[in-house]
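Colleague: Residues per chain, in single letters:
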Amino acid sequence: MSGEASKAIPNEVLWEGGRSPFSVSYGKLMMWFFLVSDALSFTGLLIGYGFVRHSLPVGDAWPMGETVFRALPFTHGDFPLMYVAFMTALLIFSSVTMVLAVEAGHRMDKKNVVFWLFLTVLGGAGFVGSQAWEWSHFEHGSGGYITTSEGEKYWVHNNDHDTDNPTKPDNGFHLVKSDGTGYLHGHEHVEGDAAMALWNKQINYVAGAPYPWSSTGMVNNEYGPAQYANFFYFITGFHGFHVASGVVINIIILLGVMRGVYHRRGHYEMVEKAGLYWHFVDLVWVFVFTFFYLV
Amino acid sequence: MERDDVIEYSLDNHHSEEQGKKIRKGIWMVTLIMAVITAVEVYLGAAWRDIFPNSWQSVKWSFIVLTLVKATFIVMRFMHLGDERRNVRAMILLPYGLFVLYLIWIALWESNYIERALHHFL
Numbered sequence: 001m002s003g004e005a006s007k008a009i010p011n012e013v014l015w016e017g018g019r020s021p022f023s024v025s026y027g028k029l030m031m032w033f034f035l036v037s038d039a040l041s042f043t044g045l046l047i048g049y050g051f052v053r054h055s056l057p058v059g060d061a062w063p064m065g066e067t068v069f070r071a072l073p074f075t076h077g078d079f080p081l082m083y084v085a086f087m088t089a090l091l092i093f094s095s096v097t098m099v100l101a102v103e104a105g106h107r108m109d110k111k112n113v114v115f116w117l118f119l120t121v122l123g124g125a126g127f128v129g130s131q132a133w134e135w136s137h138f139e140h141g142s143g144g145y146i147t148t149s150e151g152e153k154y155w156v157h158n159n160d161h162d163t164d165n166p167t168k169p170d171n172g173f174h175l176v177k178s179d180g181t182g183y184l185h186g187h188e189h190v191e192g193d194a195a196m197a198l199w200n201k202q203i204n205y206v207a208g209a210p211y212p213w214s215s216t217g218m219v220n221n222e223y224g225p226a227q228y229a230n231f232f233y234f235i236t237g238f239h240g241f242h243v244a245s246g247v248v249i250n251i252i253i254l255l256g257v258m259r260g261v262y263h264r265r266g267h268y269e270m271v272e273k274a275g276l277y278w279h280f281v282d283l284v285w286v287f288v289f290t291f292f293y294l295v
Numbered sequence: 296m297e298r299d300d301v302i303e304y305s306l307d308n309h310h311s312e313e314q315g316k317k318i319r320k321g322i323w324m325v326t327l328i329m330a331v332i333t334a335v336e337v338y339l340g341a342a343w344r345d346i347f348p349n350s351w352q353s354v355k356w357s358f359i360v361l362t363l364v365k366a367t368f369i370v371m372r373f374m375h376l377g378d379e380r381r382n383v384r385a386m387i388l389l390p391y392g393l394f395v396l397y398l399i400w401i402a403l404w405e406s407n408y409i410e411r412a413l414h415h416f417l
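Top line first, the protein sequences correspond to chains S and A. Position 13 (the first sequence) corresponds to 13 in the numbering used here; numbering is contiguous. In the numbering used here, each residue carries its 1-based index in the second sequence increased by 295.
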């Protein structure tokens, strides 16, 4: 790119004072410093998650993303990872529109900055909304499981993932015997009266991963170890909070652009700085996506 | 108060219409690469049990490598760190990178120990 940073300036001149040896403005440098410290928080969270997961004894199966996240809104089908792929695409594309807004700013093209920044806000808001659905689905669960007095575990299925009244008549209630491989369901189906008989022998019924502030807390969740839900809520929650505040920042900057504040200033560096934060949010999601949903 | 001793570096970042065209082409190229990588990741994540049932280790490592590739594109191209001076890059990436490598190492070491302790004594 053009600019001060690509000019060959001898070291003596760069570090002699009177100018930034980095050839960047104060605001941009401080944004980078903030991002490094924020990156350390997220790194701490992800490594803490890895630490807990790695220190669990073998056999305490940690649930795999593709076995937990298999639902799409408005459907009953089985779509492993499709929803989170959609969320990832949304965030990456809003990152692209942001970089296009920055590019338009470098040409002092106010109309295009407004256009791309507006799309960025839309993408970010869409991501936060998608995460709300993801959370409510995670909290609700896929149907849950029961354990019987014989110590066997059966997954509960019905047509609309009803966990309040799972045995409701004519709603396709049946049980699937767990084959003991973590969150993957087995192949042995039990239907009709036999399923009802097993249901009545249950000693407990666990569905979803209730929010930490709910009455059941997160002692039990249908996916696996209790820490799984704790880390899911904390890491995606912390990231979602960043996205939400990023949307607010982008809206403020968008209003500034529309009022012509930066145009009068002669440069659109504010868009660039907000953009750095926004790309960082996307960067974090790339890691959360890999380490929480894929690995 | 207006200061005349402050250099406004952002003014130097302006570019012309033709340069902009080239930059936009680069942005869409990076977008395409990232979209393809994400699609591969999702497909592999959803279907690895059927296509590579016994190679979870290599699937896992390919996820990590692909993630690092994507992260490099975001930091270098979208955040324009690749366009900054070498000493900015070093100042941002080196302290962070060294600390994280240490943190990963110590977390693996300690969690291995805890895993063995739980395994043997519980």
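In case anyone wonders, no lab produced these hints; they're calculated from the structure. Don't take each hint at face value.
Stated by the list, open to error - Each computed DSS-like pair below joins lysine-lysine, with the alpha-carbon atoms no more than 30 Å apart:
no. : chain 1 : residue 1 : chain 2 : residue 2
1   : A       : K355      : S       : K7
2   : S       : K7        : A       : K320
3   : S       : K168      : S       : K153
4   : S       : K111      : A       : K355
5   : S       : K7        : A       : K316
6   : S       : K201      : S       : K153
7   : S       : K201      : S       : K168
8   : S       : K168      : S       : K7
9   : S       : K177      : A       : K320
10  : S       : K111      : A       : K316
11  : S       : K110      : A       : K355
12  : A       : K317      : S       : K111
13  : A       : K316      : S       : K110
14  : S       : K153      : S       : K177
15  : S       : K177      : A       : K355
16  : S       : K201      : S       : K177
Colleague: Give a verdict on every hint.
Modeller: Here is how each hint holds up against the structure:
no., hint, in the structure
1, A:K355 - S:K7, "42 Å, violated"
2, S:K7 - A:K320, "23 Å, holds"
3, S:K168 - S:K153, "20 Å, holds"
4, S:K111 - A:K355, "44 Å, violated"
5, S:K7 - A:K316, "22 Å, holds"
6, S:K201 - S:K153, "11 Å, holds"
7, S:K201 - S:K168, "17 Å, holds"
8, S:K168 - S:K7, "73 Å, violated"
9, S:K177 - A:K320, "54 Å, violated"
10, S:K111 - A:K316, "16 Å, holds"
11, S:K110 - A:K355, "44 Å, violated"
12, A:K317 - S:K111, "20 Å, holds"
13, A:K316 - S:K110, "16 Å, holds"
14, S:K153 - S:K177, "6 Å, holds"
15, S:K177 - A:K355, "29 Å, holds"
16, S:K201 - S:K177, "14 Å, holds"
Consistency with the previously given hints fails for numbers 1, 4, 8, 9, 11, ordered from lowest to highest.
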